[in-house]
Amino acid sequence: MLNQDLLFSASTVHLEHITTALNCLIPFGIKEDVLIIIDKDGLSFARANNRVISIQLFLSKELFIAYNYNGPSGDPDSHTKVCVKINHILDSISVANRDKDDVVECTLSYNGEGSPLILIFEDSMISERVEYSTYLLKDLEMADLEPDRDRLMFECIIRGDVLYNALQDLKEIGCKECYIYAITKTDGRNIFALISKSQLGLSKVVLPGERTILEKLEVYSGEASIKVDNCPVIGYFDFSTFDKMRMSAKIASKILLRKDIHGLLNVNILSQTDNVILVDSKITSKMQNTSDIRNAQLPKDYPGIVIDISILEKVHLEEFDVQEINLLMESPEEAQTKAIYQPSRPNDDGKVSTKDLDGNYDNNFLGLTKKRRIEDVEHESDDENYQPVTKDMPLFF
Amino acid sequence: MSFKAIITTSENQLVWRRTIQMLATLHDDIRFTITPRELIVWSMNSTDTSMCQVSFAKGFFEEYTFEPENIVFGEDGLQLVQDFNQDTHKLYSFKTNGRHLSILFRKPENDVMKDIVLLINNTEVCPETLANRLQIVIHTESMLIKEYAPSFIPIKFDPIVINLRYKRKFLNVYGTSSENQEEQLDPRLLDIFESTAKEVSNSYFNNDIVTNLRPNSELTLEDEINYLCCTNMLLKNFIDSCNSSATEEVKLEINVNRLCITAFTRGIYSKNNDVLRNAMRASNTVSTMDLEHYCLFTTAEDENTNHPSTKVVTFKMKDFRSFINLSSVWKTDMNIHLWFCHPGDPILMEMRKSNVCIELVQVSDAEQGNVIAPSKTFGPSKGSPLRETATKKLLSPRKSPLKKRSPLKSQLRDAPMSPLKPTALFVKDADADADVNVRWKNPIRGKKPVEESAEETSRPASQSNDSQLLATAERTRTTIGWGSKSADPAHMPSDSHLNRRDVLKREKIRYLQELSSKKPRVESQGNSDEEQFGPTQVDKPKGIFD
Chain A
1 MLNQDLLFSA STVHLEHITT ALNCLIPFGI KEDVLIIIDK DGLSFARANN
51 RVISIQLFLS KELFIAYNYN GPSGDPDSHT KVCVKINHIL DSISVANRDK
101 DDVVECTLSY NGEGSPLILI FEDSMISERV EYSTYLLKDL EMADLEPDRD
151 RLMFECIIRG DVLYNALQDL KEIGCKECYI YAITKTDGRN IFALISKSQL
201 GLSKVVLPGE RTILEKLEVY SGEASIKVDN CPVIGYFDFS TFDKMRMSAK
251 IASKILLRKD IHGLLNVNIL SQTDNVILVD SKITSKMQNT SDIRNAQLPK
301 DYPGIVIDIS ILEKVHLEEF DVQEINLLME SPEEAQTKAI YQPSRPNDDG
351 KVSTKDLDGN YDNNFLGLTK KRRIEDVEHE SDDENYQPVT KDMPLFF
Chain B
1 MSFKAIITTS ENQLVWRRTI QMLATLHDDI RFTITPRELI VWSMNSTDTS
51 MCQVSFAKGF FEEYTFEPEN IVFGEDGLQL VQDFNQDTHK LYSFKTNGRH
101 LSILFRKPEN DVMKDIVLLI NNTEVCPETL ANRLQIVIHT ESMLIKEYAP
151 SFIPIKFDPI VINLRYKRKF LNVYGTSSEN QEEQLDPRLL DIFESTAKEV
201 SNSYFNNDIV TNLRPNSELT LEDEINYLCC TNMLLKNFID SCNSSATEEV
251 KLEINVNRLC ITAFTRGIYS KNNDVLRNAM RASNTVSTMD LEHYCLFTTA
301 EDENTNHPST KVVTFKMKDF RSFINLSSVW KTDMNIHLWF CHPGDPILME
351 MRKSNVCIEL VQVSDAEQGN VIAPSKTFGP SKGSPLRETA TKKLLSPRKS
401 PLKKRSPLKS QLRDAPMSPL KPTALFVKDA DADADVNVRW KNPIRGKKPV
451 EESAEETSRP ASQSNDSQLL ATAERTRTTI GWGSKSADPA HMPSDSHLNR
501 RDVLKREKIR YLQELSSKKP RVESQGNSDE EQFGPTQVDK PKGIFD
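Protein chains in written order, with UniProt numbering: chain A, 1 to 397; chain B, 1 to 546.
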């Protein structure tokens, strides 16, 4: 059915894969218009909401058996824009793709402004043709959400399923607003966490810091590529907006998060098809039964679904909020030791002031904490000066 | 840390999760009380009609520390209780939103919880944001660390000690003089007495319970308490068999022969009086042979009649169902203990598994069905005759557990034990006649004032009445016998003419009574013959209604 004269035509058999990909657009409004940008490398689906979040989903031309784009002659960067409702395409595909043992080939074609977008579904028996009227909205609100790549605050690469689990958890506890917290420490312990603010107060989900999961975490001082340690970066988002990336994270193998100094979070999602289950088990088993060409592997050189999401931060954080978050992120042991160590600081200097010891006495009701303090002090001063400890001891007998 | 508890094993996590979820269905708030020995979690519904309390012993947790000494914030929750031995214990109590908790402890999607850590840090070093917050840290298999900090409100614990009261009462009635009984009690029942006694004496809240000891050994109506212990499968099967979502009320009837559980479904009608759902009653009946133990509060008189008094209690289905369903978290069978007193008094249910004890208290309906025969006999406020019968009771309640105590086991092990029953039947025979008299006396004298019938209930009075009654009986017999001559109206007393139907009925009952009283005699003789074959003799299968 390919017609070389048309502006654009492409055909594919990977309908399930396309359904999986287009499902990521659903949180951005299923009945809304989506902008399809056609160029020589493939199809991009773009959509923005309220000028604070935008998504761009790229399907490479390798996904198609045949891909033909006759752009305006000579210009390699030329592209064509067309606007359709996302649910129209999804419905058509899912109807055509339902429970058939046969291979369905889908051909898309478009012949420039004024002509409809045509989808033709063909199996060995039936050919169906669907036409959608298209019109390009003049100002399809495409917010200018481009990250400032030279002035990043942090950069992080994490496994998709882990981030998905975390987002799922935040959703279930009824998160209203969420914070992203990232810190690198000199001792190599990197922390990347999502913090939820909801009816439950502040809750945090700390993502695992293992190298295999959190592949990269770098925090920069305002100017690019100067890494800084022990300096937390906090991003503050409205969760209902932030949650729109959950569907995309579900199919992701790797996610690259970058936040720039202007409060724009850029999320790059790569879905490598080999380690992501794209279809549910019911269909898979059926596919194994029929085992035919339908089971066609995705092309070897196909790079996978690439999704790019940009989210704008809510407002700049108040100093109080920052403190609150920092306090929350201090691990409980740390918080405790800090509070306990401070009064015993003089011990480190070797000067055991009676005032300090009196202070200890005043805190008599501390009960067990008191004992713990001795132990702590013991440990701390083991290698340095043992003296103060021995002086301390009689006090507690 | 003021309090720290860690739950590690997946079974314990499941128990914890299901418990929280169940308690959250009762009321928005779940109340916690931390004691040095156990964590008590409980909740009562907004109308105060049912309460569920679960106590997790220290052993349930991998780690359990409670340091009430250093609580500085939220000291409203701190409390000192004094038990019977004048020892004081420190408690810390608070309430928090149950719905939130059940969300936090839910099973994560395609992930497994490794451990759940509960923390309260109300010490002086606690950051302000974490004061009065229950910190929950969950480590998952996928290496996520989730930390939540729902806030709580410190409260004072006001223990509702129905459980202890009932157990005390139960011990007073049944457990006190088990040693001097000539017949041996089932050792397992003795174990229950023992553990219950231990529990009552060890509780922190037994201050005014233990002092409530009965002054003398005389039992009165106020002492009535009935006890029933059965496997959770029995009740679970009942719930599964009735349409439990549409059922509102459950009626539990028990006498020495059978246990009958009835589910009531209310009918629903539309505006035009069309039936949308029929009112329905579904009942399951099991022989008391299938119960583990039971102790019924009966009088000596009740015991000897053909129609043993039935104990009835009616309560709501909803919480009962969730309570029974909670038992399914443990794969193994477990026993459920029930205590109840008069209709209208709360019913207490309990199940216990290693470190967890779950109790449900529900109000029961005060409405008395006409099924409860004994209430008629006892009357509202009786003087000495009642006392007398009540004292006789002392024997009977022990007798019934004796006879029935783990009937299956005892009969299998030592057949000679069971002849107890036949003797009981023989006794019944002798009394059966008296019973007949009483029974057919009633229709005649039904209209007589209450005082007289009350008199008759007392032993001597009823005996003296016997001759009278016999005379009456003869007269009716003659009346019937001469029925052929009844064509002569002059000889017919007008009053008997009026009561002709009654008389016929009476005779019918009498005839049936004779039949039925003969039958058991024959049967019992047969039984005693068979039982002489020895302990390996297999029991004859018993019908439900024997």
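Note that these hints are calculated values from the structure, not bench results.
Worth double-checking, as some hints may not be accurate.
One-sided excerpt, in silico: chain A residues whose CB lies under 10 Å from chain B [what the hints assert, rightly or not]:
1. Asp-102
2. Val-103
3. Val-104
4. Leu-108
5. Pro-208
6. Glu-210
7. Glu-330
Where a beta carbon is used, it is the ideal one built from N, C-alpha and C, also for glycine.
Outcome of the hint check:
1. Asp-102: violated, 33 Å
2. Val-103: violated, 31 Å
3. Val-104: violated, 31 Å
4. Leu-108: This interface hint is violated because 35 Å lies over the 10 Å limit.
5. Pro-208: holds, 3 Å
6. Glu-210: Result: holds, 7 Å to nearest chain B Cβ.
7. Glu-330: Nearest chain B Cβ about 8 Å off; hint holds.
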